[in-house]
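Colleague: The letter at position 56 of the sequence shown is residue 178 when you use this note's numbering, and the numbering goes up by one with no holes.
I should point out that these hints are in silico values taken from the structure, not numbers from a laboratory. All values derive from a computational prediction rather than experimental measurement.
If you anchor each label on the Cβ, the simulated ranges turn out as follows:
#1 Arg211 <-> Asp232: 30 to 36 Å
#2 Asp324 <-> Arg211: 48 to 54 Å
#3 Arg313 <-> Asp199: 38 to 44 Å
#4 Leu233 <-> Asn282: 21 to 27 Å
#5 Asp194 <-> Arg218: 32 to 38 Å
#6 Gly219 <-> Val250: 37 to 43 Å
Cut-off 16 Å, straight-line C-alpha distance, at most; resulting in silico cross-link-like pairs (EDC-like, lysine to aspartate or glutamate):
#7 Lys275 <-> Glu302
#8 Lys275 <-> Asp294
#9 Lys275 <-> Asp324
#10 Lys275 <-> Glu285
#11 Lys266 <-> Glu223
#12 Lys228 <-> Glu312
#13 Lys275 <-> Glu297
#14 Lys275 <-> Glu245
#15 Lys275 <-> Asp241
Ideal Cβ positions, reconstructed from N, Cα and C, are used throughout, including at glycine.
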Amino acid sequence: MTARDDENDGPAAEREVIQGEIEETAEETPAEEPVQKPVGAHRAPEEEPAPAADEVKPGFGAELEALRGELDERTHDLQRVTAEYANYRKRVDRDRGAAAEQTTGKVLTDLLPVLDDIDRAREHGDLVGPFASVAEQLTAVTGKLGLVAFGEKGDPFDPNRHEAVAHQTSADVSEPTCVEVMRRGYSLGERLLRPAMVAVADPE
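Could you put the whole structure together from the sequences, leaning on the hints where they help?
Modeller: As structure tokens, then:
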């Protein structure tokens with residue numbers, strides 16, 4: 123073999139040797155086995171399809187109806203309790219108002235004799251000076267509390283509001299009429315504190 127042959131065969135021979143070694147290594151190396159997951163390893167949850175209508179539990183419909191019935195019953199109970207509480211509040215407010223009116227009526231009833239004296243003084247012309255100022259203030263205060271005076275000459279006679287202490291006949295009237303007022307009556311709201319004392323004239 124000449125030096126030329128050595129130069130030509132050297133790299134080719136080396137390539138053949140390396141190629142042969144790679145092939146032998148590939149034959150000796152076993153194929154990779156698939157990796158097995160350990161037992162009990164976590165698996166991603168898979169979405170389960172919703173059960174079909176025919177796969178629903180047989181007792182589910184009855185249970186749903188029972189729950190709806192219980193809900194309706196609780197709703198009715200709540201409505202009843204709410205209505206009872208509203209009625210209770212109205213009754214308490216009404217009773218409180220009646221108690222306040224009764225107390226006010228008691229105080230005003232005790233002041234009626236004073237108001238009668240003021241009326242007599244006014245009729246006789248004695249309601250002058252400081253006494254007149256006090257009388258006006260007292261009348262204004264009782265009016266703010268709801269006291270209303272009634273009973274005037276010429277009013278139709280009302281047995282529910284007038285107390286007749288004298289009767290007479292007259293051609294000037296077409297119905298029983300108050301022709302004289304001895305004492306005015308008073309009311310507080312719809313409550314009668316005292317009837318008016320009057321003389322009544324009947325038609326002839």
